[in-house]
Amino acid sequence: MFPAGETGADLSNGNCMSAAPAPIRILYCHCAFARVVPADVKTGVLAQLAASSAEFEAVPDLCEMSARRDPRLAALAAHESLRIAACFPRAVHGLFQAAGSPLPQTAQILNMRTDPADKVASELLTGGAG
Amino acid sequence: MSRLDTAHLRTVLYEGPGSLPLEPDARSRIMVALLDKGYAVTSLRDSTHVTALPRDFVVVLGRFTGPPPLFDGAAALQFEQIDGMDPSDVVEAADRVHANTGAAKSGAWKPWFPVIDFGRCTNCMQCLSFCLFDVYGVSSDGKIQVRNQDNCKTDCPACSRVCPEVAIMFPKYRHSPINGDQVSSDDMRREAMKVDISALLGGDIYSMLRDRSVKAKSRFSKERDDERALKERQNCLLKLQKEMDIPMEVLASLPSPDEIRAKAEQAAARAREALGSQVSPEVH
Numbered sequence: 001m002f003p004a005g006e007t008g009a010d011l012s013n014g015n016c017m018s019a020a021p022a023p024i025r026i027l028y029c030h031c032a033f034a035r036v037v038p039a040d041v042k043t044g045v046l047a048q049l050a051a052s053s054a055e056f057e058a059v060p061d062l063c064e065m066s067a068r069r070d071p072r073l074a075a076l077a078a079h080e081s082l083r084i085a086a087c088f089p090r091a092v093h094g095l096f097q098a099a100g101s102p103l104p105q106t107a108q109i110l111n112m113r114t115d116p117a118d119k120v121a122s123e124l125l126t127g128g129a130g
Numbered sequence: 001m002s003r004l005d006t007a008h009l010r011t012v013l014y015e016g017p018g019s020l021p022l023e024p025d026a027r028s029r030i031m032v033a034l035l036d037k038g039y040a041v042t043s044l045r046d047s048t049h050v051t052a053l054p055r056d057f058v059v060v061l062g063r064f065t066g067p068p069p070l071f072d073g074a075a076a077l078q079f080e081q082i083d084g085m086d087p088s089d090v091v092e093a094a095d096r097v098h099a100n101t102g103a104a105k106s107g108a109w110k111p112w113f114p115v116i117d118f119g120r121c122t123n124c125m126q127c128l129s130f131c132l133f134d135v136y137g138v139s140s141d142g143k144i145q146v147r148n149q150d151n152c153k154t155d156c157p158a159c160s161r162v163c164p165e166v167a168i169m170f171p172k173y174r175h176s177p178i179n180g181d182q183v184s185s186d187d188m189r190r191e192a193m194k195v196d197i198s199a200l201l202g203g204d205i206y207s208m209l210r211d212r213s214v215k216a217k218s219r220f221s222k223e224r225d226d227e228r229a230l231k232e233r234q235n236c237l238l239k240l241q242k243e244m245d246i247p248m249e250v251l252a253s254l255p256s257p258d259e260i261r262a263k264a265e266q267a268a269a270r271a272r273e274a275l276g277s278q279v280s281p282e283v284h
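So the protein lines, in turn, are chains Y and B. Residues 1 to 130 (the working numbering) make up the first sequence, in order. Residues 1 to 284 (the working numbering) make up the second sequence, in order.
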């Protein structure tokens with residue numbers, strides 16, 4: 001068996017490590033258990049992340065993680081430079097808060113329910129500069 | 001075992017030293033396949049830092065060219081060779097590992113439950129008083145909290161309709177602002193018009209349900225007009241369904257009027273108690 005050490009995965013984005021004081025962490029929510037995020041947007045975002053050189057974490061469903069207070073949410077929320085592709089920022093903040101791991105104000109949340117894949121992916125990878 | 005205690009299987013798609021890279025399209029398809037099956041995926045391209053959380057099982061998937069590389073931070077990991085596999089084979093490999101771990105499976109439950117926007121919530125306890133399914137509770141410091149998420153009725157956003165501050169979200173709901181979208185002044189105006197949702201229904205919702213029952217009983221005894229009583233009940237349910245977007249399945253599964261009354265009284269007592277404990281420190 002191979003369980004259980006201590007804290008979460010280091011998801012450093014190699015592109016940003018030399019430029020930014022804190023490495024950028026990217027989190028992608030697949031919203032796998034509902035159809036509220038347009039399929040072409042979420043698969044488009046994931047395809048562009050996969051085509052980049054960025055390291056990132058993809059989770060099936062942030063709601064589900066929040067409901068079971070997944071400790072990885074706390075590990076992610078501990079990072080100052082977190083970019084999240086999910087749904088409405090108010091909901092994402094609420095989900096982290098409900099899990100006992102409020103997001104820092106610096107977290108950048110990109111909304112795949114309302115924005116096109118190109119815009120979300122660009123902001124995830126470049127922070128909106130691209 | 002509570003949902004909070006369950007371990008989950010996490011996958012790492014590793015393409016760093018000691019492993020061959022995947023084509024972008026293959027990488028994307030493998031990730032979609034794993035996510036669709038409920039597995040979290042960490043994509044590692046250069047790092048060899050994978051740390052397991054206390055409840056995680058971790059399997060590292062890669063096109064390994066030799067012995068698996070050394071990873072920092074994790075006591076033990078399982079490695080799976082995926083060279084030459086298509087996405088469905090990779091998912092099968094993850095499934096095999098998952099079956100051996102006894103870890104919980106994501107996706108067995110549609111995560112539908114209320115999420116409170118504490119930036120808006122005034123702790124008025126209307127949601128606690130309203131919910132018949134014990135979804136809400138009160139923290140030790142007297143704050144409303146969502147306590148039993150899986151008691152919530154899938155696709156039912158009714159409690160968000162009674163919140164006067166639009167502070168209750170259902171992130172998987174279709175419409176704004178209950179889905180977490182920004183609350184507009186129009187939304188607030190609409191909410192102000194239905195601060196007391198029962199006004200829409202001609203009185204307190206529980207009283208209404210009780211009254212319907214009494215009236216129905218009265219009709220049964222005096223007129224024995226089953227058809228009319230049934231029609232009344234259907235009209236009442238349709239009104240609830242329309243005004244509050246409550247699925248018919250939820251309405252059909254409501255407890256009996258007596259049980260509703262008992263639950264409502266219990267919930268109201270809990271809300272009063274919580275509000276009382278909130279007030280007392282200020283009094284001193």
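Source of the hints: derived by calculation from the structure; they are not laboratory data. Here the structure is a predicted model, which means the values were calculated and not measured. Please note that the accuracy of each hint is not assured.
[To be verified] Which chain Y residues face chain B? A few, computed with CB under 10 Å, are given here:
#1 Phe33
#2 Leu49
#3 Ala98
Every residue, glycine too, gets a C-beta built ideally from N, C-alpha and C.
Practice problem: List, from low to high, the hint numbers that the structure doesn't satisfy. | Solution: none
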